[in-house]
Amino acid sequence: MKLLIKGGRVVDPASGRDAVGDVFISEGKISAKTGTVDRTIDAKGLVVAPGLIDLSARLREPGHEYKATLESEMDAAVAGGVTSLACPPDTDPPLDEPGLVDMLRRRAKALARARVYPVGALTVKLAGARLTEMTELAEAGCVAFSQANAPLADTQVLWRAMQYAATFGFPVWLRAEDVWLAKGGVAHDGEIATRLGLAGIPAFAETVALATILQLARATGTRVHLCRVSTALGVEMLRAAKQEGLPVTCDVGIHHVHLSEMDLGYYDSHCRLEPPLRSQRDREALAAGLADGTIDCAVSDHTPVDEDQKQLPFAEAEPGATGLELLLPLALKWGAERKLPLAATLARVTSEPARVLGAPSGRIEPGAPADLIVFDPQAPFRVMPETLKSQGKNSPFLGYELAGRVRATLVAGNVVFES
Amino acid sequence: MPANPQLNANGELQHLLSIEGLPREILLQILDTAESFAGVTEREVKKVPLLRGKSVFNLFFEASTRTRTTFEIAAKRLSADVINLNIAVSSQSKGESLLDTVANLSAMQADLFVVRHASSGAPYLIARHVKPHEHVINAGDGRHAHPTQGLLDLYTIRHYKKDFNRLTVAIVGDVLHSRVARSLIHGLTTLGVPEVRVIGPQTLLPVGVESLGVRVFHDMRAGLKDCDVVVMLRLQSERMDGALLPSAKEFFKNYGLTADKLALARPEAIVMHPGPMNRGVEIDSSVADGPHSVILPQVTFGIAVRMAVMSIVAGN
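Top line first, the protein sequences correspond to chains A and B. Letter by letter, the first sequence follows residues 0 to 418 in numbering that gives the first Met the number 0. Letter by letter, the second sequence follows residues 0 to 315 in numbering that gives the first Met the number 0.
Hint data in this document are derived by calculation from the structure and do not stem from the laboratory. Treat the numbers as computed from the prediction; the structure is a model and nothing was measured. Even glycine gets a Cβ: it sits at the ideal position worked out from N, Cα and C. Possibly wrong hints are sitting among the right ones.
Here are some of the chain B residues that sit facing chain A, going by a computed Cβ distance under 10 Å [unchecked claim]: (1) Pro122; (2) Val206; (3) Ser210; (4) Arg214.
The whole structure should be built from the sequences, with the hints applied where relevant.
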């Protein structure tokens, strides 16, 4: 199968290229040679870019099929222009055995939509006590090891887990949150939580844990990826760690770049997220840190939650927001607000997460996988439950008008979505 | 921020969920209406027909005797039919969701829901889902709000002090977990009380409490100086010894109201408490039963205030 994407504005964040041109695809890869093609996609007036790479998307299989299925969420992924995604291990049972990982990869592969990169559990059952068989899990396809949102209170286990992972060169992905300081909290510990009478999670629940993780990274030499940084001081600490030369990368949830505690309004449970939405000052620091590269990438942290688990008092509602289909428009909105070139904006959701993953995609150059999207950056749409393909309709942006619609998504040269 | 969910399109009270965000005029309307009902409670026939034919459902997802009883008395004095549901021990334990419970009761032709729930914001969720002719009154949600308690506190203060504009009010104790404190603070600042103080150890004061418009004191003696009104908060027994406080004894030593500390307030100061009291923990018996105490009148006023709120929200 040979394809030609013709006359689009080709934006390659990895090289910074941004010019009108054609992209040839042959044998599932981007090709320098031209020739007769089986199909031509007219991209006139549209942007051609690498497909999005989302470092955190929950597909809810196995175990939470009533919230979402692999089919529904893979449809959502390609509709949102996401061609690769890393799924955290907090399934039921967690991804702590090679058999589970293998099954997930087979199921995903059979669906032939986005590429799935499983992140293995760092500890058995994510219970924070016993290490998983990391080399076995890596052979089954795990690209990193993580506790997802499960606590790891015992810092000695954390230290050992990082040492063990470092032995084999496996990256460890961690969300920095001190389990004791965050205990019982559901919202940022600030004026809004005080007014609403919600139990708080202080900003230092993140920075205390981050200090521990950075010290252990320094001691063990582990490649650490920090997930969902949420505070201004956290960004500052990561900036210093990078300047020092520690092998750390980090991401931010795209919702946290746009929303703050103010958006809780009158207990909007769609704004119940982990980590919590923090102050406007924190939000501003996250948006700025993502622009200056302190924060390497933005993720959807896609978490489909069924209506019943959201139609509850704020503290009882299940945390998380759907996001696969909003990552592109919300990244574009952030880039526009910061007046960034389109290539710089897209880098945060394509080439940069590819670098963290060590994936060959996320770029438009001969030989790279033909994981591409064609999108209209200006096309407006209203976020409505019925327009979302994800089974999770839980979004703080329901009813909002956003810009940026995907017209075509290609994975390995196959058109997997068109609108 | 969405529109104020308590008010209808004409700016009238549709639900009472929190004192925060209510205009001064509505607070005064409630207090004035309550004053007109105060006479009713002293008559031989203690009934007015304002809610005749209406059904009031007391939905208590959290145990309460006093608040539920005063709501029940208030509704009966307005000639409403009252149904008490102690949901803490019924459908919730069978796994029925909050909104399903409300939908079922709504199908039984409810007009007014009086809701107490352990989770902050639960009455907002219910108010968003009831039919347009149904009303919700918050009878205490988590640590967020207890607006009828706040209003009866305001009523009591106005009854004894007449004018809000010259007062110094101190609220003492566990402000962190107190819905009573939050509601009263909003009411006092809305009605123009120039100085509202909160007094307690750092462990019992919420972060950024100053943003509610209060002055913070950790030293009770300094905080009580020249106060016109002292409001003592209840300290829940599970918070008396642990990481928040070492012991009830030490709490009483630092933050318990004794005659000796009360002497620092103005000579004509009044002492309030939302009940139930822990004698010897937050308040000494000699003060609770002493000449400055208006704790029992608070309870009486509570009935008139709840009648006022119910008649304004659900009356024809």
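Going through the hints against the structure:
1. Pro122: It holds, given that the least Cβ distance between B:Pro122 and chain A is near 9 Å, below 10 Å.
2. Val206: For B:Val206, the interface hint holds, since the closest Cβ of chain A sits about 5 Å away, which is under 10 Å.
3. Ser210: holds, 4 Å
4. Arg214: violated, 15 Å
The structure fails to meet hint 4 from the earlier list, while all remaining hints are met.
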